[in-house]
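Generate coordinates for the entire structure from the input sequences, incorporating the hints supplied.
Protein chains: 2
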Amino acid sequence: MGCSDTDAALAATVLLSADMRGIDSHGVARLSGYVRLWEAQRINGSPAIKIVHESPSTAVIDGDAGLGLVVAPFAMDIAIRKAQIAGTGWVSVRNSNHFGIAGYHAMMALEHDMIGIAMTNASALVAPTFSVEKMLGTNPIAVAIPAGTQPPFVADFATTTAANGKLEILQRKNEPAPPGWVQDKEGAASTDANVLKKQGALLPLGSDREHGSHKGYALGSIVDIFSAVLSGASYGPWAPPFPAYVPMPENMPGQGLGHFFGAMRIDAFRTGQEFKDNMDNWITRFRNATPAPGNDRVLIPGDPEREMETIRTTEGIPVVSSVVDELKNVAEKMGVKFADTIR
Amino acid sequence: MGCSDTDAALAATVLLSADMRGIDSHGVARLSGYVRLWEAQRINGSPAIKIVHESPSTAVIDGDAGLGLVVAPFAMDIAIRKAQIAGTGWVSVRNSNHFGIAGYHAMMALEHDMIGIAMTNASALVAPTFSVEKMLGTNPIAVAIPAGTQPPFVADFATTTAANGKLEILQRKNEPAPPGWVQDKEGAASTDANVLKKQGALLPLGSDREHGSHKGYALGSIVDIFSAVLSGASYGPWAPPFPAYVPMPENMPGQGLGHFFGAMRIDAFRTGQEFKDNMDNWITRFRNATPAPGNDRVLIPGDPEREMETIRTTEGIPVVSSVVDELKNVAEKMGVKFADTIR
Numbered sequence: 001m002g003c004s005d006t007d008a009a010l011a012a013t014v015l016l017s018a019d020m021r022g023i024d025s026h027g028v029a030r031l032s033g034y035v036r037l038w039e040a041q042r043i044n045g046s047p048a049i050k051i052v053h054e055s056p057s058t059a060v061i062d063g064d065a066g067l068g069l070v071v072a073p074f075a076m077d078i079a080i081r082k083a084q085i086a087g088t089g090w091v092s093v094r095n096s097n098h099f100g101i102a103g104y105h106a107m108m109a110l111e112h113d114m115i116g117i118a119m120t121n122a123s124a125l126v127a128p129t130f131s132v133e134k135m136l137g138t139n140p141i142a143v144a145i146p147a148g149t150q151p152p153f154v155a156d157f158a159t160t161t162a163a164n165g166k167l168e169i170l171q172r173k174n175e176p177a178p179p180g181w182v183q184d185k186e187g188a189a190s191t192d193a194n195v196l197k198k199q200g201a202l203l204p205l206g207s208d209r210e211h212g213s214h215k216g217y218a219l220g221s222i223v224d225i226f227s228a229v230l231s232g233a234s235y236g237p238w239a240p241p242f243p244a245y246v247p248m249p250e251n252m253p254g255q256g257l258g259h260f261f262g263a264m265r266i267d268a269f270r271t272g273q274e275f276k277d278n279m280d281n282w283i284t285r286f287r288n289a290t291p292a293p294g295n296d297r298v299l300i301p302g303d304p305e306r307e308m309e310t311i312r313t314t315e316g317i318p319v320v321s322s323v324v325d326e327l328k329n330v331a332e333k334m335g336v337k338f339a340d341t342i343r
Numbered sequence: 001m002g003c004s005d006t007d008a009a010l011a012a013t014v015l016l017s018a019d020m021r022g023i024d025s026h027g028v029a030r031l032s033g034y035v036r037l038w039e040a041q042r043i044n045g046s047p048a049i050k051i052v053h054e055s056p057s058t059a060v061i062d063g064d065a066g067l068g069l070v071v072a073p074f075a076m077d078i079a080i081r082k083a084q085i086a087g088t089g090w091v092s093v094r095n096s097n098h099f100g101i102a103g104y105h106a107m108m109a110l111e112h113d114m115i116g117i118a119m120t121n122a123s124a125l126v127a128p129t130f131s132v133e134k135m136l137g138t139n140p141i142a143v144a145i146p147a148g149t150q151p152p153f154v155a156d157f158a159t160t161t162a163a164n165g166k167l168e169i170l171q172r173k174n175e176p177a178p179p180g181w182v183q184d185k186e187g188a189a190s191t192d193a194n195v196l197k198k199q200g201a202l203l204p205l206g207s208d209r210e211h212g213s214h215k216g217y218a219l220g221s222i223v224d225i226f227s228a229v230l231s232g233a234s235y236g237p238w239a240p241p242f243p244a245y246v247p248m249p250e251n252m253p254g255q256g257l258g259h260f261f262g263a264m265r266i267d268a269f270r271t272g273q274e275f276k277d278n279m280d281n282w283i284t285r286f287r288n289a290t291p292a293p294g295n296d297r298v299l300i301p302g303d304p305e306r307e308m309e310t311i312r313t314t315e316g317i318p319v320v321s322s323v324v325d326e327l328k329n330v331a332e333k334m335g336v337k338f339a340d341t342i343r
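In order, the protein sequences belong to chains Y and B.
Throughout the first sequence, residue numbering follows my numbering, covering 1 to 343 in sequence.
Throughout the second sequence, residue numbering follows my numbering, covering 1 to 343 in sequence.
Hints may be right or wrong, so weigh each one.
Put simply, identical chains are the same to the list, so a pair is met inside one copy or across any two.
Unchecked claim - With a straight-line cut-off of 25 Å between C-alpha atoms, the simulated DMTMM-like cross-links for lysine to aspartate or glutamate are:
| # | residue 1 | residue 2 |
| --- | --- | --- |
| 1 | K328 | E39 |
| 2 | K337 | D325 |
| 3 | K50 | E274 |
| 4 | K166 | D208 |
| 5 | K50 | D325 |
| 6 | K50 | D340 |
Quick caveat, the hints were computed from the structure, so don't treat them as lab data.
What follows is the structure in structure tokens.
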């Protein structure tokens, strides 16, 4: 795709981090989708990513239509550098594309003893509370917080009741969706896992007004505004679609997708040791909370992904055959030798 | 309570802003509770609030056990001043008390053409996903974003499915709670609106694992860590209780309640005019989204509170008789003339 070796390796690392952490929907299964966007000339393989505005603790970055997998680590690195000097760094990005899992970028801050934050807007699949129209993406938020002897706290979640990837799993199994995940094209409650293909919509975290969907709607909106309105990307229903066959929205008010990153140096608040001792205590206390009947234990954010990473480090990553076929097609098309470890 | 006239007026303004915006649970109805905390020597009426650590874009503040209603605006003001110089300002606060509505403090940023953020931890009423134990408070998040000709975007919400105030309304009406709001002391689903008095718990936004309660749990945890672990306040199940008759937790790991505030100068990212034009477009587009059947219109965060403020500005604030009686008792006890406009 015209990527430098460095960029290609970085993009591969970001995609693999999703597979390693068990977020299969955002790993190598997406590679062919990125290639199709490049073929449709919506992704620039060799972007000139640049800072277009900055202050001591902020920057706005133009991704030059690059792979989000490459633009996002660039931007997070700027946030970290700003934090080294100003205590915190905050970077809003325009003119980018899908950036993989938010958690990868947030976790870049950990080795610098910083809290990392990453979010992105995405093409509109979500109907706000009271709306039949799809206005927001699944707009995820990731927050990574370092600890001492305990592993870090890593939250990484879509601001919807269920992520699109969970619907896809039900589609494959031909099973219905639980009530509260989706609505149909008329805005009525639905349990049809295929409803997005029939002009239906995902619901914000909270599902309905009585269960706080206005809060999930607010969260998704905040992600949209921080990522796209602060940077000059395209927001709300105008966010560019991921599937290359979907036409771009008309009258887009900005450039490409938007992201938002934050880095906060722990010792800009407290000594690192005091903070880490408290975080270890926080994590240990929450892990030891009395579980409700039928549950073994209480988890902290990041536990399931970390446990999956341990398993996959030894056992490898299971890849469904349709994805293997897609990867073979991509390899053939791009003239790349297909790794014989993938089978 | 030993407050200066300035502090007393500020505290009254913050409480009244809740009543004006229709958040009756956080307005003058709370005044007698603050007085009881002062009587129990848990609130210091004349605190020496001070910055204990800072960097160009951050500060940690010790509230000296002051009224949160006074400590929070002090801290938000520091965040705004940091943002004026560094682009953004981030302030974590320890040794404080209940700060009223988060939205008041976040909205302080608006007149400076900044985005404002406010959050606080609170005494543990919420059971994490899979837990029978209460580990977190309702830990609200407020984000205020300026617009141009449109009114600002103001989100202000507890990270639970329903705030405690909504349960109290049902208790007065002797009505059950909707499924998904609370669990009983065994960790089983419940619709008993009085369940918190029977060792039950509120549920995180999302209600249960299938509907994303692990996301609400993560959000509440992030608020707890930013507010209390970053500052050195008491976190998780050790957060000090609001009712003065509830004993303080044993082995508290920090001082008092914690808050976290942020201010981001719009023009540290884009010119104010570009941003405001885009925000006006964002707000107008979302307000004009096609409503689902049975709904008049789609709202943006802050619309209901602003509409209530307009009504109450002309019609006054309805106060239930039990609160009027409590206010009379407080006035008598403190030797203050009771306003004859309250009846």
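Now for the hints, and whether the structure bears them out:
1. For the identical chains of this complex, K328 and E39 are intra-copy neighbours only, at 17 Å inside a copy versus 73 Å across copies, given an alpha-carbon limit of 25 Å.
2. In the homo-oligomer, the alpha carbons of K337 and D325 lie at most 25 Å apart inside one protomer (14 Å), although the nearest pairing across protomers, at 81 Å, exceeds that limit.
3. In this assembly of identical chains, the alpha carbons of K50 and E274 lie at most 25 Å apart only when taken from different copies (20 Å versus 37 Å within one copy).
4. With identical chains, the CA atoms of K166 and D208 are at most 25 Å apart both within one copy (19 Å) and between copies (16 Å).
5. Taking the closest pair of Cα atoms, K50 and D325 never come within 25 Å of each other, the shortest separation being 36 Å inside a single copy and 63 Å across copies.
6. For the identical chains of this complex, K50 and D340 are neighbours neither inside a copy (38 Å) nor across copies (63 Å), given an alpha-carbon limit of 25 Å.
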